[in-house]
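Visitor: Spelled out from the first residue to the last, the chains are:
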Amino acid sequence: GDSVTQMEGPVTLSEEAFLTINCTYTATGYPSLFWYVQYPGEGLQLLLKATKADDKGSNKGFEATYRKETTSFHLEKGSVQVSDSAVYFCALSGNSGGYQKVTFGTGTKLQVIP
Amino acid sequence: NAGVTQTPKFQVLKTGQSMTLQCAQDMNHEYMSWYRQDPGMGLRLIHYSVGAGITDQGEVPNGYNVSRSTTEDFPLRLLSAAPSQTSVYFCASSYSTGALNTEAFFGQGTRLTVV
Numbered sequence: 001g002d003s004v005t006q007m008e009g010p011v012t013l014s015e016e017a018f019l020t021i022n023c024t025y026t027a028t029g030y031p032s033l034f035w036y037v038q039y040p041g042e043g044l045q046l047l048l049k050a051t052k053a054d055d056k057g058s059n060k061g062f063e064a065t066y067r068k069e070t071t072s073f074h075l076e077k078g079s080v081q082v083s084d085s086a087v088y089f090c091a092l093s094g095n096s097g098g099y100q101k102v103t104f105g106t107g108t109k110l111q112v113i114p
Numbered sequence: 001n002a003g004v005t006q007t008p009k010f011q012v013l014k015t016g017q018s019m020t021l022q023c024a025q026d027m028n029h030e031y032m033s034w035y036r037q038d039p040g041m042g043l044r045l046i047h048y049s050v051g052a053g054i055t056d057q058g059e060v061p062n063g064y065n066v067s068r069s070t071t072e073d074f075p076l077r078l079l080s081a082a083p084s085q086t087s088v089y090f091c092a093s094s095y096s097t098g099a100l101n102t103e104a105f106f107g108q109g110t111r112l113t114v115v
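Protein chains in written order, with the numbering used here: chain A, 1 to 114; chain B, 1 to 115.
Next up, chain A with everything else stripped away, as it sits in the complex (with noise of 0.2 Å):
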C-alpha cells in the first residue's frame, strides 16, 4: 500500500538558517502531495501541494518539488524564522476503490531559537 516517510525530528534551528525536510513516498498510480503544518494546539492546515512530476509547490517561503524519479518531496526553505516553528507532515494522496485516499508521514517537529 501507499506509505509516507519522513525525516525523523525534532529538527533545530537557528533563526535565518536553511530548512530541508526529507520526505519519501511509495505509491502506485499518481498521487499528488502535501506538505500539511501544525501549529502548537491546532488542526492541521495545508502548506503546499504538487499533483504531478515537477511540480514546485511554495507558499509562505517554503517550497517543495514532486520528484517522481527519486520519489521524493523535500520541504525547504531558505531563511526560517521563530514563527516557523510547528510539526510538518507530508502526505500523499492516491486513489483508492475510487476514492481520495490520503497517508500520512509521521511528522518532523521543527523548532526555531532565536
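By construction, these hints were calculated from the structure, which means they are not laboratory data. The model shown is predicted, which means the values in this text are computed figures rather than measured ones. Think of the CB as a built atom: it goes at the ideal place given N, C-alpha and C, for glycine as much as any other residue. Check before you lean on any hint, since a few could be wrong.
Stated by the list, open to error - Cβ pair distances, simulated, as ranges:
1. 82/A - 10/B: 24 to 30 Å
2. 17/A - 79/B: 44 to 50 Å
3. 17/B - 82/A: 36 to 42 Å
4. 41/B - 22/A: 15 to 21 Å
5. 7/B - 111/A: 26 to 32 Å
6. 19/B - 67/A: 41 to 47 Å
7. 17/B - 69/A: 27 to 33 Å
8. 3/B - 16/A: 29 to 35 Å
9. 45/A - 86/B: 35 to 41 Å
10. 68/A - 57/B: 27 to 33 Å
11. 27/B - 56/A: 23 to 29 Å
12. 22/A - 62/B: 31 to 37 Å
We have chain A; now place chain B onto it with these hints.
Guide: Relative to chain A, chain B alone:
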C-alpha cells in the same frame, strides 16, 4: 467562516465509559474523516465517509463507530473507552471524494484521556 468544528476540545473518560466526539463542517464537503494522532505514529485513519449515508473503515477502526446522516455532521462514537484510546482526535473534510488534488481541512482536535 467556521470551517470544521470539533467538540469538545478536551475530555477525560473512565475506562468503560462511552462518549461521542462531534464534528461539523459548513463547506458542503462530500468527504469527511476521523484520524487519531499519537506520538511517533503520525495520523492514522479511523473511519471515513464519502457522502451522507455512506461510511467505511480506515486503518484503525476497532472500538469506534460512525454515522453520516447529514452532509454537515460526522460524529465519532467510542463504545467502551480503553486507555489505548488516549489520543488526539482530528476530524477532516474535503470537497471531492474522487479528485486526488483536493486539500483536507482539519478541525482543531479533541484531546482525549482515558483513565
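Visitor: Confirm or reject each hint.
Guide: Each hint, compared with the structure:
no. : hint                    : in the structure
1   : 82/A - 10/B: 24 to 30 Å : holds, 27 Å
2   : 17/A - 79/B: 44 to 50 Å : holds, 48 Å
3   : 17/B - 82/A: 36 to 42 Å : holds, 41 Å
4   : 41/B - 22/A: 15 to 21 Å : holds, 18 Å
5   : 7/B - 111/A: 26 to 32 Å : holds, 30 Å
6   : 19/B - 67/A: 41 to 47 Å : holds, 44 Å
7   : 17/B - 69/A: 27 to 33 Å : violated, 52 Å
8   : 3/B - 16/A: 29 to 35 Å  : holds, 33 Å
9   : 45/A - 86/B: 35 to 41 Å : violated, 25 Å
10  : 68/A - 57/B: 27 to 33 Å : holds, 31 Å
11  : 27/B - 56/A: 23 to 29 Å : holds, 27 Å
12  : 22/A - 62/B: 31 to 37 Å : holds, 33 Å
Comparing the model with each earlier hint shows violations of hints 7 and 9; every other hint is respected.
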